[in-house]
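Student: Here are the chains, one letter per residue:
4 protein chains.
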Amino acid sequence: MLKEEKVFKDPVHNYVHVQDRTIWDLINTKEFQRLRRIRQLGTSYLTFHGAEHSRFSHSLGVYEITRRIISQFERNGYEDWPQEQRLVALCAALLHDVGHGPFSHSIEEAFGMFHEDWTCRIILEDSEIHQVLQRIDPALPEQVAAVIRKTYAYPIVVNLVSGPLDADRMDYLLRDAYFTGVNYGTFDIDRILRLVRPYKDRIVVKESGMHAVEHYLLSRYEMYWQVYFHPVTRSSEMVLRHIFKRAKELYLQGYSFRYFLEPLDALFEGTLTTTQYVQLDEAFVQTAFMQWINEPDELLADLCQRFIERKLYKYIEVDELNAEWLCREWHAAGLNPDYDIMFDSPSDNPYDVYRSGDEPTQQHILLWDGHDQVMELSKKSDIVRSISGIRRGNHYIYFPMDKLQAVEHRLTDEVKRMFLQRKN
Amino acid sequence: MLKEEKVFKDPVHNYVHVQDRTIWDLINTKEFQRLRRIRQLGTSYLTFHGAEHSRFSHSLGVYEITRRIISQFERNGYEDWPQEQRLVALCAALLHDVGHGPFSHSIEEAFGMFHEDWTCRIILEDSEIHQVLQRIDPALPEQVAAVIRKTYAYPIVVNLVSGPLDADRMDYLLRDAYFTGVNYGTFDIDRILRLVRPYKDRIVVKESGMHAVEHYLLSRYEMYWQVYFHPVTRSSEMVLRHIFKRAKELYLQGYSFRYFLEPLDALFEGTLTTTQYVQLDEAFVQTAFMQWINEPDELLADLCQRFIERKLYKYIEVDELNAEWLCREWHAAGLNPDYDIMFDSPSDNPYDVYRSGDEPTQQHILLWDGHDQVMELSKKSDIVRSISGIRRGNHYIYFPMDKLQAVEHRLTDEVKRMFLQRKN
Amino acid sequence: MLKEEKVFKDPVHNYVHVQDRTIWDLINTKEFQRLRRIRQLGTSYLTFHGAEHSRFSHSLGVYEITRRIISQFERNGYEDWPQEQRLVALCAALLHDVGHGPFSHSIEEAFGMFHEDWTCRIILEDSEIHQVLQRIDPALPEQVAAVIRKTYAYPIVVNLVSGPLDADRMDYLLRDAYFTGVNYGTFDIDRILRLVRPYKDRIVVKESGMHAVEHYLLSRYEMYWQVYFHPVTRSSEMVLRHIFKRAKELYLQGYSFRYFLEPLDALFEGTLTTTQYVQLDEAFVQTAFMQWINEPDELLADLCQRFIERKLYKYIEVDELNAEWLCREWHAAGLNPDYDIMFDSPSDNPYDVYRSGDEPTQQHILLWDGHDQVMELSKKSDIVRSISGIRRGNHYIYFPMDKLQAVEHRLTDEVKRMFLQRKN
Amino acid sequence: MLKEEKVFKDPVHNYVHVQDRTIWDLINTKEFQRLRRIRQLGTSYLTFHGAEHSRFSHSLGVYEITRRIISQFERNGYEDWPQEQRLVALCAALLHDVGHGPFSHSIEEAFGMFHEDWTCRIILEDSEIHQVLQRIDPALPEQVAAVIRKTYAYPIVVNLVSGPLDADRMDYLLRDAYFTGVNYGTFDIDRILRLVRPYKDRIVVKESGMHAVEHYLLSRYEMYWQVYFHPVTRSSEMVLRHIFKRAKELYLQGYSFRYFLEPLDALFEGTLTTTQYVQLDEAFVQTAFMQWINEPDELLADLCQRFIERKLYKYIEVDELNAEWLCREWHAAGLNPDYDIMFDSPSDNPYDVYRSGDEPTQQHILLWDGHDQVMELSKKSDIVRSISGIRRGNHYIYFPMDKLQAVEHRLTDEVKRMFLQRKN
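Chains B, E, A and D supply the protein sequences, listed in that same order. The opening residue of the first sequence carries number 355 in my numbering; numbering runs sequentially from there. The opening residue of the second sequence carries number 355 in my numbering; numbering runs sequentially from there. The opening residue of the third sequence carries number 355 in my numbering; numbering runs sequentially from there. The opening residue of the fourth sequence carries number 355 in my numbering; numbering runs sequentially from there.
The reader is advised that the hints may include incorrect statements.
A pair holds if it fits inside one copy or across any two, identical chains being indistinguishable in the list.
[Unchecked claim] Below, computed lysine-lysine pairings styled on BS3-like, alpha-carbon distance capped at 27 Å: (1) Lys770 x Lys357; (2) Lys733 x Lys560; (3) Lys665 x Lys770; (4) Lys734 x Lys770; (5) Lys384 x Lys734; (6) Lys734 x Lys554; (7) Lys602 x Lys360; (8) Lys560 x Lys757; (9) Lys668 x Lys757; (10) Lys357 x Lys602; (11) Lys560 x Lys734; (12) Lys599 x Lys668; (13) Lys602 x Lys770; (14) Lys560 x Lys384; (15) Lys504 x Lys560; (16) Lys668 x Lys560.
Rather than coming from a laboratory, the hints here were simulated on the basis of the structure.
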C-alpha cells in the first residue's frame with residue numbers, strides 16, 4: 355500500500371483514489387500512459403466536439419468504480435466476496451482497455467484484430483505492465499489476463515469486471531454523457547454501488563435498487579441511438595475504414611508511399627509485435643493521414659483530406675437497403691462502388707439492451723430479495739420487459755455528395771430523387 | 355443567414371447556435387477544423403486528465419458568448435452598439451485563436467512566435483478562411499484582423515472581443531473548470547451577460563452585476579494558481595521547451611535526424627508559410643517526439659521519452675532562487691545545467707487580476723449606474739480592491755530526480771538535503 | 355411593459371424573466387403570494403426532505419417556460435401562432451395552479467373539491483388577481499379562465515398551457531427532480547423548447563426532437579413510480595385524508611373542538627367563498643393538526659399526532675387485495691376497519707404515459723417533418739410504443755403497526771404472517 | 355448499530371447514511387421532526403423563492419459531513435482522534451440546531467432568547483430526544499450538551515462540531531447555494547473532507563488543501579453579502595421583528611386579541627417550558643399573523659398583512675446614518691418613528707471571514723505540513739490575508755413607501771429627494 359493515498363481529479367467521479375502501489379505503478383507505465391493518446395469515443399469528437407476524452411480517463415474511472423464496489427463489500431464483510439481477489443480485480447479493471455488501438459473499432463474491423471487479444475498480450479508479454487504485475491506475484495499477469503478472457507477461476511471477479519452491470523459500462527455511460535454534453539447518460543450510480551451484492555458466483559442487485567437499474571438501462575438505450583450510432587460519427591468511421599482499406603491495398607500492390615512510417619508495414623502485413631503495437635496511437639494515425647493528403651494516389655489523398663478536414667460523406671436513411679442495385683447505378687454513373695458508397699445498418703452492431711430469457715446467463719441482471727431468492731430483472735420490471743423486445747433496424751447510405759453532384763447528368767431520375775433532393 | 359439555425363451540442367453552453375452562413379462556412383474551413391487538433395490547455399492534460407478539450411471547442415464557445423451579448427444588445431436596441439458591426443465581431447470572436455500552434459505557449463517561447471500574428475496572417479493571406487470572409491466583403495478580412503490587432507476603428511468591438519470581461523476569458527474559465535473537473539471556475543455568466551451594456555466606446559456592467567463580476571475575478575484568481583500554474587503542468591511545459599530547444603540546436607548543427615518531417619525545417623529556420631504553419635498540430639508534434647525516442651542523440655531521446663511517457667521532472671518550491679549557485683553545483687556533479695535543471699517563477703507570467711488605478715484603461719472594468727455615471731470597479735468593490743494588490747512570488751526548481759540520484763555521491767550535503775530529502 | 359426587465363433567481367431555470375407589468379402585478383397579488391405557503395408536492399417532503407418547494411416556484415417556472423416558447427415562436431415569426439394571444443397564454447400559465455388548496459390532492463378527495471374550479475373562481479370573482487386582469491381588458495379574466503377550462507376559442511393556447519408536452523409538466527418534472535434530489539427527471543428541455551412549433555391548432559415537435567421527447571416521457575415514467583407514488587408519501591396522504599374525514603365527521607356530529615378556527619366550518623359545510631378559500635394554506639392546516647393533538651377525541655388526536663410527528667402507517671405490498679376479508683379480520687381483532695387499515699392501488703391514479711391510438715387526440719404528441727406531415731409519436735418511436743402498453747397494478751395495504759401489535763393475540767395466524775413478520 | 359444502513363436521499367450530499375440506531379431514533383423524535391417546520395434561512399424565501407428548505411435537511415447534512423470526517427479518521431487510524439467519542443460527536447452534530455425557533459434570528463432578537471440554550475434544554479430536560487440519549491448512557495445528554503456549550507472535555511470534538519471549518523458551515527453554504535440557486539457557495543468539500551486531520555486538540559487541514567479552504571472562505575464571503583444580508587430579506591426580517599414587538603406590547607398592555615393561541619402568552623411573558631417551546635414552529639407563527647390581519651389594532655394588522663402578502667418595506671442605501679434627524683423628520687410628518695422607519699447596518703452583524711492574528715484561537719484555521727508544524731492560514735495564503743482586513747459598512751434605511759407617499763406634502767425637500775426620487 356502507498357504511505358499516503360494518491361488522487362486524480364476526475365470530472366465524473368470527482369476523485370479517483372489510489373491506495374495500492376501496484377495500481378500507482380501500473381498507471382505510470384508507458385503502455386498505460388499511451389491510453390492518453392487514444393480517444394474513448396473514436397471519431398465521435400467530429401459530431402460532439404466535447405468528446406475528446408481519452409481511454410486513460412475511462413480506465414481510471416472503471417478502476418475507481420471497481421474499487422468502490424469492493425470497498426463496500428469489504429466494509430460490510432459479505433462472505434460471498436473472495437477478499438484475496440481484490441488486487442486481481444482492480445488490476446483487471448484498470449487494464450481492461452489497454453489493448454485498444456487508435457480509432458479502435460475501425461482499425462479492428464479493417465485489420466481483423468481484437469483489442470482483448472492485445473490487452474492480454476501486453477499483460478503477458480514483455481512490457482512495463484507485465485513487469486509491475488510480475489514483481490508482486492509471478493502468477494498475477496496470467497490471473498489478470500484470465501479475467502479479461504473471462505476464464506478466471508473466480509467467476510465473480512469476471513462478472514464484476516465484465517458483467518451486464520459492470521464498472522466498464524457504468525463509467526462509459528456517465529463519462530460519455532459528461533463530455534459530449536448530452537444529458538441522457540446520467541443515472542444514480544451511487545445507489546447502484548450501494549445496492550450491488552456478491553451472491554454466489556455473481557454480482558446481483560438488491561430489489562430496492564430495481565428503479566436505479568431500470569434507469570441505467572434506459573440511459574444505455576438512449577446513449578446508443580443518440581451518441582454511439584449517430585450517423586455523422588458512423589460516416590467518419592466509414593471514411594476511416596476506407597482509408598485503412600485503401601492504404602493496405604496500395605501497400606500490398608507495392609505502391610511507394612511518399613510518407614511512410616514504421617510500424618505501418620507490420621500493421622499491413624499483420625506481423626505487429628506488442629512493442630510495435632504500442633507505438634500506434636491516434637497522433638500517429640492522424641499524422642500519417644495528414645501527410646497522405648499529398649499522396650499521388652487520388653483515392654487515398656481524397657479520403658484522408660475528408661477525414662482531416664471533416665468533409666465527411668453525406669447520408670440518407672432508407673427503409674431497406676437495395677445494395678446491389680445501387681452499386682450498379684454507381685458503376686453506371688462512373689463512380690466507384692467500392693469507395694464512393696457505403697451501407698450501414700447499425701442494428702447489426704452489438705447492442706445489448708437486456709433481453710429476458712428462461713435461463714439467466716452471465717449477461718442477465720439478477721435482483722436479490724435480501725434472503726435467498728434471486729430473480730431475473732425482466733421478470734420484475736415492466737419497463738425492462740417492454741423495451742427488451744425492441745429491434746430497431748435503421749439503414750443508412752453514405753456517399754460523397756460532391757462526387758455525386760459532379761456526375762448528376764449521368765444519374766437516373768430515381769437516384770437523383772433519392773440522393774440529391776434530400777438533405778441532412 | 356442560414357435557412358434554419360444550426361446547433362452544436364456543447365457541455366458548457368448547452369448549445370452553440372449558428373444563424374449566419376458565413377459563420378457556418380468559417381467553421382468548416384480546414385484552418386478552423388485544425389483547431390480540433392490543438393488542445394485548449396496545452397500540457398495540462400498531464401495533470402488533469404479530463405483537460406483534453408480543444409481550441410475548437412473554446413473558439414465555438416467564445417463565438418457563442420459574443421453572439422448572446424450582441425443579441426441582448428439588439429433586443430434592447432441600445433444606441434451605443436453599432437449594429438452593422440455584428441458580423442465583424444462574430445467573425446473576430448470565432449477566429450481569435452485560429453493562429454495557435456501546437457502546445458502554443460511552449461512553441462511560441464521556443465521559437466519567438468506570436469499566435470496573434472499567425473491569426474492575422476491566416477485571415478489575410480490565402481486560406482479557406484480568407485476566401486470565406488472575402489466573398490462577403492473584400493474589406494472584411496482586414497476588418498477582422500484589425501479587431502484581433504486591437505486597432506479597429508470601432509473600439510467597442512475590440513473591447514467586446516478582448517476586454518477585461520471578454521467572451522474569451524468567460525469561456526475559458528468555465529470550459530477549463532468543466533473539463534478539468536475543478537469547481538473553482540464557475541461564476542454566474544447568465545447574470546453577467548444580462549447586465550453588460552454598450553456605453554460609449556466600452557462594454558460596461560450595470561452596478562447590480564458587481565457581485566457576479568467579483569465572483570468572476572475570484573474564479574480567475576483560483577484558476578490561475580490551481581490549474582494554469584500547476585507545477586506538474588509547468589514541469590511538462592519545461593520538458594517540452596527543452597525538446598524544441600534541443601531539436602533546433604541539433605538541426606542547426608547539421609545533425610541528421612532518423613525521423614524528420616516537413617515542415618520542421620521551416621519551423622527551425624523561421625521561414626514558415628501559413629500553408630506550412632497550419633500543418634503543425636499536436637498530433638504532428640507528438641508523433642515526432644515518439645519517433646525521436648529512438649534518436650541517437652541521448653539528450654533529445656531522453657526528453658522525448660519523458661514527455662511521451664509522462665516521466666516528468668520533479669520540483670521543489672523555494673523561497674528564492676539562487677540560480678547561479680545551483681548551476682555551478684549541477685556542473686560540478688557532472689549534470690548539464692542547461693537541460694537538467696530549470697527554474698520557474700510563475701508570478702513573472704502574465705497574470706492580470708484586476709488592479710485599480712486612477713485612470714481607467716481598456717483593461718479596467720467599469721460599473722455603470724444606469725444613468726450617466728461609470729465607476730471603475732475597485733472603487734466600489736472591497737474585495738476587488740483588496741485582492742488587486744496581491745503579488746505572489748512562487749519559485750520552483752525542476753529537475754530529473756533519476757539523474758540526480760545517479761550522481762548522489764557527488765552532491766554536496768546542502769544540495770542533497772534540499773533535493774533528495776523532500777518529495778512531492 | 356416594464357421599463358426594465360425584472361428577474362427571479364430560480365434554481366431550475368436559472369432566471370425567470372418578467373417583462374410585462376401585468377405579470378409583475380399578478381405575482382404581487384395576495385392570492386399568488388399565498389402559493390408560497392402551499393407545497394408543490396404535498397406530503398412528499400416526509401419522504402424526500404428536500405421536497406419543500408412551493409407552488410409559487412412551480413408557477414413561476416411554468417410561466418417562464420411558456421414565455422420562452424412564445425418568444426421562440428415570435429423570433430421566428432411562425433404564422434400559425436396567434437401573436438396577440440401572448441398575454442392570455444402567459445397569464446394562464448402563471449395562474450393555472452392558483453386554486454390549489456393545502457395538501458391539494460388529499461383535501462380535494464376529502465371534500466369533493468376541484469382546484470381548477472377554484473382557479474377559475476379566483477380569476478373571475480373579486481380578487482386582487484381579477485382586478486389586475488380586468489384593468490388591462492375587461493374580457494381578460496374570462497379569457498384566462500377559458501384557457502384553464504380548455505374551452506378557449508384558440509385551441510393552440512390551450513394546447514400550449516395544458517397539452518401532453520406542456521410547460522406545466524416540463525417544469526414539475528425538472529423541479530421535483532431538483533428538489534427531491536433524484537436524477538430521473540432531467541431531460542433536455544432546451545432542445546425541446548427549440549424544436550416545438552405551432553402547427554395549425556396544435557403545438558407539435560420537429561422530428562429531430564424525437565429522442566428528447568422520448569427522454570422526457572421516460573423521465574415522467576420514472577418520476578411517477580419513484581417519487582409521486584412512493585408508498586411513504588401515499589401513507590402520509592392517507593393519514594391526512596383520515597384526519598379530514600374524522601374532523602368533518604365530528605363537526606357534523608356537533609362535537610365541540612377545543613381548537614377551532616374559521617373558515618374550517620365553511621370548509622366542512624361546503625360553503626367556502628373565495629375570500630375564505632385563500633385563507634386556507636398549509637401553515638393553517640398544520641397548525642390546526644398540531645393543536646388537535648390535544649383534542650379529547652382519541653382518533654382525531656392520534657391521527658394528527660401521527661401526521662405532525664411523522665409516525666406514519668406501515669405498509670405491505672400484495673399481489674391482490676382482499677379488502678372485505680381484511681376488514682372482517684380487523685373488526686374481529688377489535689380494530690377499526692374505517693381508520694386502522696387503508697388500501698391503495700396507485701395504478702388507479704391518473705397516470706398518463708403516452709398511449710398511442712388511431713386518432714391523435716389533444717393528449718397525443720405529434721412529430722412534424724418540417725413540411726406538411728405530422729405523425730403521432732408512437733408510430734415513429736419504438737420505445738414509446740413499447741412502454742405505452744405498460745399497465746402496472748401495485749396494491750398496498752397501510753396500517754398502524756403499533757395498534758396491530760397491541761392486539762397481536764387476537765389476530766389469526768394468516769394475518770400475523772402477512773403483517774407482523776414482514777418489514778419495510 | 356442498525357442491521358442494515360438506512361439512507362435519506364439528499365440533493366446536496368446525494369445520500370445521508372445512518373448506521374447507528376441512536377441516530378435513527380433521534381431523527382424520529384418529535385422534537386427533531388419539528389425542524390421540518392422551521393426554515394433554514396428564515397425569511398430568505400421571500401427573496402429567493404427556492405430557499406424553502408428546512409433545518410431538518412440542514413441538520414441531516416451536518417450529521418452526514420461529521421460522519422464522513424470521522425469515518426475518514428477511523429479508516430486511517432489517526433491517533434489524535436479519540437475513537438470512543440464518535441457517538442457524542444454525531445449526536446451533537448445532528449442536534450446542534452434543535453433549539454431553533456420559528457424565524458429564529460428575529461424571534462431571538464425580539465424576545466432575548468438564544469437557540470443554543472433551547473438546544474441544551476431540549477437535550478437535558480424531559481423530551482423524546484433526552485430519552486433516546488439516556489437509554490444509551492445516562493451521561494450522554496450532558497456530554498452532548500457540553501459539546502453544544504463548547505465546554506466538553508474533549509476540545510477536538512467541539513472543534514469538529516463548531517470550529518472555523520466545521521460541518522455546520524460547510525453544509526449550510528452548499529445547501530443554501532443549492533436551494534437559492536446562486537452559484538457562489540460551491541467549493542470542493544470532498545477535497546476538504548479528505549484533507550482534514552485530527553492534530554492534538556484541533557481539526558487542522560493538510561497544506562495541500564489550502565486552495566480548497568481559500569475557496570471555501572471566498573464562498574462564505576460571497577454568500578454573506580449576496581444571500582444572507584440581502585436587503586429584501588433584511589426588510590422582511592425587520593417587519594417580522596416589529597410584529598413580535600407590537601404583539602408583545604399589546605399583550606403587556608392587556609389588549610384583547612381576537613385570535614390568540616397558547617403558548618403565545620408564555621412566549622410574551624418569558625415563561626416558556628420546553629414542551630411549550632417545541633409547539634412553536636413557522637406554521638404556528640404564520641397562522642397567527644394571517645389571523646392578526648383582522649385585528650382591530652391597525653399597526654399590528656398592517657405589519658402582519660405586509661409580511662403575509664409580501665408587501666415589504668422599501669429601502670435606500672446611504673453612506674452614513676443620521677437616525678436622530680430622520681426620526682425627527684418622521685415624527686414631524688406624522689409618521690411613527692418607532693415602526694415606520696428602520697435602520698440596518700449589516701456589518702454590525704456577526705461576520706467572521708477569517709482574520710489573522712498572532713495567537714491562533716479556536717476560530718482560526720490551521721494548516722498542517724504533514725509532520726510537526728502547523729501554521730495559521732493567513733500566514734500562508736495571500737488571498738486570505740488580503741480579504742481578512744475587509745470591513746464593509748453598508749447602511750440601509752427601510753420604510754413603508756405607501757405611508758411615506760401619503761404624507762408627501764408634509765415632507766421636507768431633502769427627505770423627498772432622498773426617499774421618493776429613488777427606487778429599488
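Student: When Cα atoms must be at most 27 Å apart, do Lys560 and Lys384 count as within-copy, between-copy, both, or neither?
Tutor: neither (40 Å within a copy, 31 Å between copies)
Student: Go through the copies and call it for Lys734 and Lys554: within, between, both or neither, with a Cα cutoff of 27 Å.
Tutor: within (21 Å within a copy, 43 Å between copies)
Student: Are the CA atoms of Lys602 and Lys770 at most 27 Å apart within a copy, between copies, both, or neither?
Tutor: neither (33 Å within a copy, 55 Å between copies)
Student: If the cut is 27 Å between Cα atoms, do Lys668 and Lys757 qualify within a copy, between copies, both or neither?
Tutor: Result: close within a single copy only, 11 Å intra versus 55 Å inter.
Student: If the cut is 27 Å between Cα atoms, do Lys504 and Lys560 qualify within a copy, between copies, both or neither?
Tutor: within (24 Å within a copy, 43 Å between copies)
Student: From the Cα coordinates, with 27 Å as the cut-off, is the pair Lys384 and Lys734 best called within, between, both, or neither?
Tutor: neither (47 Å within a copy, 37 Å between copies)
Student: For the identical chains here, do Lys560 and Lys734 meet the 27 Å Cα criterion within one copy, between copies, both, or neither?
Tutor: within (12 Å within a copy, 35 Å between copies)
Student: At most 27 Å between CA atoms: does that hold for Lys734 and Lys770 within a copy, between copies, both, or neither?
Tutor: Result: close only across copies, 26 Å inter versus 51 Å intra.
Student: When no copy is named, should Lys599 and Lys668 be tagged within, between, both, or neither for a Cα gap of at most 27 Å?
Tutor: So Lys599 and Lys668 pass the 27 Å test inside one copy only (20 Å; across, 44 Å).
Student: My question is about Lys602 and Lys360: at a cut-off of 27 Å on alpha-carbon distance, are they close within one copy, between copies, both, or neither?
Tutor: neither (45 Å within a copy, 38 Å between copies)
Student: Is it within, between, both or neither when you check Lys770 against Lys357 at 27 Å Cα-Cα?
Tutor: For Lys770 and Lys357, the Cα distance is within 27 Å only across copies (22 Å; inside one copy 70 Å).
Student: For the identical chains here, do Lys560 and Lys757 meet the 27 Å Cα criterion within one copy, between copies, both, or neither?
Tutor: neither (57 Å within a copy, 30 Å between copies)
Hint compliance for this structure: hints 5, 7, 8, 10, 13 and 14 are broken, all remaining hints hold.
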